[in-house]
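Asks: Here is what each chain is made of, one letter per residue.
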Amino acid sequence: MSFRPDNHNENEEFSPLFMAGLMIRPLPRAPLNLLLQYTADHIQKSHPAILTRLEQIAGTVFLIQPTDFPHDIRLTIQKNHVSCQIEDEFMGLADVTICGPLLSLMDMMDGKLDGDALFFSRHLTIEGDTAALLTLRNAVDSDDIDLWAEIIASFGLLAGPAKAVLNLGDHLYQSLSRNMGLIGRAITLPLSKRCEGLEHDNQNLRNRLDHLDKMLTKTQNRLQSLSRKTKI
Amino acid sequence: MTKLDLICPAGTPAALRVAVDEGADAVYLGFRDETNARNFPGLNFSVDELAEGLDYAHGQGAKVLLAVNTYAAAGRGQPWINAVDNAAKLNVDAIILADIGLLDYAARTHPGLRLHLSVQASASNAAAINHYVKEFGIRRVVLPRVLTLPEIQGINQKIDIETEVFAFGGMCPMAEGRCSLSSYITGKSPNMNGVCSPASHVSYVQQGQDLKTNLADFTINKFGPREQAGYPTLCKGRFTANEETGYLFEEPTSLNVTRIIPELMEAGVSALKIEGRQRSKAYVRQVVANFRKAIDAAARGERLVIDMDNLSEGGKNTTGAYRKKWM
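Chains A and B are the protein sequences, given in the same order.
To convert, note that position 147 of the first sequence is 147 in the working numbering; the numbers rise steadily by one, no gaps.
Plus 232 on top of the position in the second sequence (first one is 1) and you've got the working numbering.
Since the hints were derived computationally from the structure, they do not count as laboratory data.
Don't take every hint at face value.
[Stated by the list, open to error] Result set (DSBU-like, lysine-lysine): computed pairs, CA atoms no more than 30 angstroms apart in a straight line:
hint : chain 1 : residue 1 : chain 2 : residue 2
1    : B       : Lys454    : A       : Lys218
2    : A       : Lys214    : B       : Lys444
3    : B       : Lys321    : A       : Lys112
4    : A       : Lys193    : B       : Lys525
5    : B       : Lys321    : B       : Lys444
6    : A       : Lys231    : A       : Lys193
7    : B       : Lys420    : B       : Lys390
8    : A       : Lys193    : B       : Lys556
9    : A       : Lys193    : B       : Lys444
10   : A       : Lys214    : B       : Lys454
11   : A       : Lys112    : B       : Lys366
12   : B       : Lys444    : B       : Lys420
13   : A       : Lys79     : B       : Lys525
14   : B       : Lys366    : B       : Lys454
15   : B       : Lys390    : B       : Lys321
16   : B       : Lys295    : A       : Lys112
17   : B       : Lys556    : A       : Lys112
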């Protein structure tokens with residue numbers, strides 16, 4: 001199952017997930033936290049080799065900040081265990097902060113998207129302990145994780161109904177993605193064009209300023225040279 | 233002309249399976265320590281994982297090459313000796329070495345083990361390669377990424393072993409195995425520690441819409457809001473001198489030879505190597521699948537050019553030294 005539309009939406013923040021996030025925001029966190037931790041526990045149980053690769057960064061705290069989701073997620077690596085919780089008012093200092101569209105982050109975890117490519121294209125921003133981040137990325141990538149299967153499995157006895165609900169969600173998502181892409185473009189196109197025009201003007205002004213700067217430096221150098229010659 | 237072998241990176245067991253499934257003729261990998269030139273945190277194989285990987289690859293007709301291609305540290309060479317012994321014990325299809333001491337040890341102790349000369353040995357002329365053939369019986373040399381197509385052809389006419397060249401991925405413009413740029417600024421190099429610009433010394437800082445990439449607290453580059461980013465390696469840094477800002481050696485870019493595969497075949501090359509053991513299995517999947525198609529097309533006498541800018545550093549590709557000279 002993939003919740004990713006075939007056509008990558010350039011305006012990723014304005015997505016069905018963003019709208020869903022607005023609806024999720026007022027809900028109590030406890031059920032979401034349970035789902036997150038159950039999924040994390042299930043992954044750890046079914047892919048124990050990942051924990052071995054994570055041993056060297058025990059104690060590291062990752063703060064994941066999806067750009068299109070109302071909650072941040074705190075991932076804490078402990079010896080032989082990873083805890084995963086919603087964290088909206090994080091008062092401590094995360095060792096690593098990862099920021100990007102939630103679906104891209106999930107696709108990266110699922111092995112469908114390359115993290116370096118997301119970084120090159122600036123869809124992903126990272127700050128903090130780069131070595132710890134690489135350890136996490138390589139550990140997760142070292143085994144075949146089917147994230148959606150793991151989420152469904154974390155529902156236990158309710159896995160069947162959960163799968164049906166998620167399938168329905170997938171259909172809705174695909175349909176909404178197409179429509180919201182159109183709506184998003186209709187809203188942002190005039191503004192984007194105006195911004196591009198302003199940026200173009202801005203660049204022209206910057207170029208002219210650079211040119212004037214260089215001319216000024218040359219003139220100053222020439223004046224200094226003339227002044228030296230006059231003194232001689 | 234014989235069909236080119238496709239040699240693919242496997243940084244993890246999952247990447248190995250993906251590479252084999254997508255049509256790799258061989259995968260190359262390293263142990264989880266400083267004995268290989270991609271000693272990145274969380275990456276590489278344990279001895280048990282290598283054994284499982286060998287079973288999987290051989291089951292699908294693919295070969296496994298083990299890279300033990302850093303230089304053994306003075307006074308504590310045991311990890312390198314262990315790596316060579318484990319390679320022989322597990323019956324890897326070849327071992328990729330650079331250190332002449334290790335080449336000598338492997339040739340004497342395990343005469344049945346096929347030896348490849350790593351790019352880290354920086355053997356860039358026929359005389360050097362023939363010396364390795366004569367002394368250690370190497371069967372293939374991985375050529376440095378600083379040679380032009382005519383130079384590769386010239387070498388192939390004077391040697392009797394196979395040549396492997398880099399085809400995609402990180403575009404190292406330096407004499408590999410001899411580059412000290414990384415160790416100059418971080419104290420660690422790919423040659424001795426298996427890491428160029430080690431992650432422990434890398435930091436990324438967002439400044440509004442700009443991205444600053446730092447190495448050991450030196451700013452290596454600053455990317456504007458719409459610019460594609462790259463890794464903070466000194467050879468691809470952007471520097472300011474005499475009031476001008478620009479790239480000194482090379483800009484952030486990746487190698488891609490799909491457009492010159494027929495010329496590489498004519499130059500006598502035997503195998504194409506995809507760089508990127510440190511990249512994800514998503515990268516491996518896309519690059520290996522595309523190169524499988526391009527190599528198969530070349531074998532039919534066709535030219536299949538496949539851009540993979542989306543995976544490339546700086547969002548750009550180059551044919552590198554094969555078609556240009558830096559000096």
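Asks: Decide, hint by hint, whether the structure agrees.
Replies: Do the hints match the structure? See the list:
1. Note on B:Lys454 and A:Lys218: the hinted pairing holds, with a Cα-Cα distance of about 27 angstroms set against a maximum of 30 angstroms.
2. Note on A:Lys214 and B:Lys444: the hinted pairing holds, with a Cα-Cα distance of about 26 angstroms set against a maximum of 30 angstroms.
3. Distance check on the hinted pair: B:Lys321 and A:Lys112 sit about 35 angstroms apart at the alpha-carbon level, beyond 30 angstroms; violated.
4. A hinted pair counts as satisfied when its Cα atoms are at most 30 angstroms apart, and A:Lys193 with B:Lys525 does not qualify at roughly 40 angstroms.
5. As the CA atoms of B:Lys321 and B:Lys444 are separated by approximately 47 angstroms, the hinted pair breaks the 30 angstroms bound.
6. Restraint check for A:Lys231 and A:Lys193: the C-alpha separation of about 57 angstroms exceeds 30 angstroms, so the hint is violated.
7. For the given pair, B:Lys420 sits about 36 angstroms from B:Lys390 by alpha-carbon distance, which is inconsistent with the 30 angstroms threshold.
8. Only pairs whose Cα atoms come within 30 angstroms are accepted, and A:Lys193 paired with B:Lys556 is rejected, the gap being roughly 39 angstroms.
9. Between A:Lys193 and B:Lys444, the direct Cα distance comes to roughly 28 angstroms. Compliance with the 30 angstroms bound is thereby established for this hinted pair.
10. Restraint check: the Cα-Cα separation between A:Lys214 and B:Lys454 comes to about 22 angstroms, which is no more than 30 angstroms; the hinted pair holds.
11. In summary, the hint linking A:Lys112 to B:Lys366 is not supported, as the alpha carbons are separated by about 46 angstroms, beyond the 30 angstroms threshold.
12. Proposed proximity of B:Lys444 and B:Lys420 is supported: the alpha carbons are some 22 angstroms apart, at most 30 angstroms.
13. For a cut-off of 30 angstroms, the pair hint linking A:Lys79 to B:Lys525 is broken: about 44 angstroms separates their Cα positions.
14. Among the hinted pairs, B:Lys366 with B:Lys454 is inconsistent with the structure: their alpha-carbon atoms are about 48 angstroms apart, more than 30 angstroms.
15. Restraint check for B:Lys390 and B:Lys321: not satisfied, since their Cα atoms lie roughly 34 angstroms apart, outside the 30 angstroms limit.
16. At most 30 angstroms may separate the alpha-carbon atoms for a hinted pair to count; B:Lys295 and A:Lys112 meet this at roughly 25 angstroms.
17. A hinted pair counts as satisfied when its Cα atoms are at most 30 angstroms apart, and B:Lys556 with A:Lys112 does not qualify at roughly 35 angstroms.
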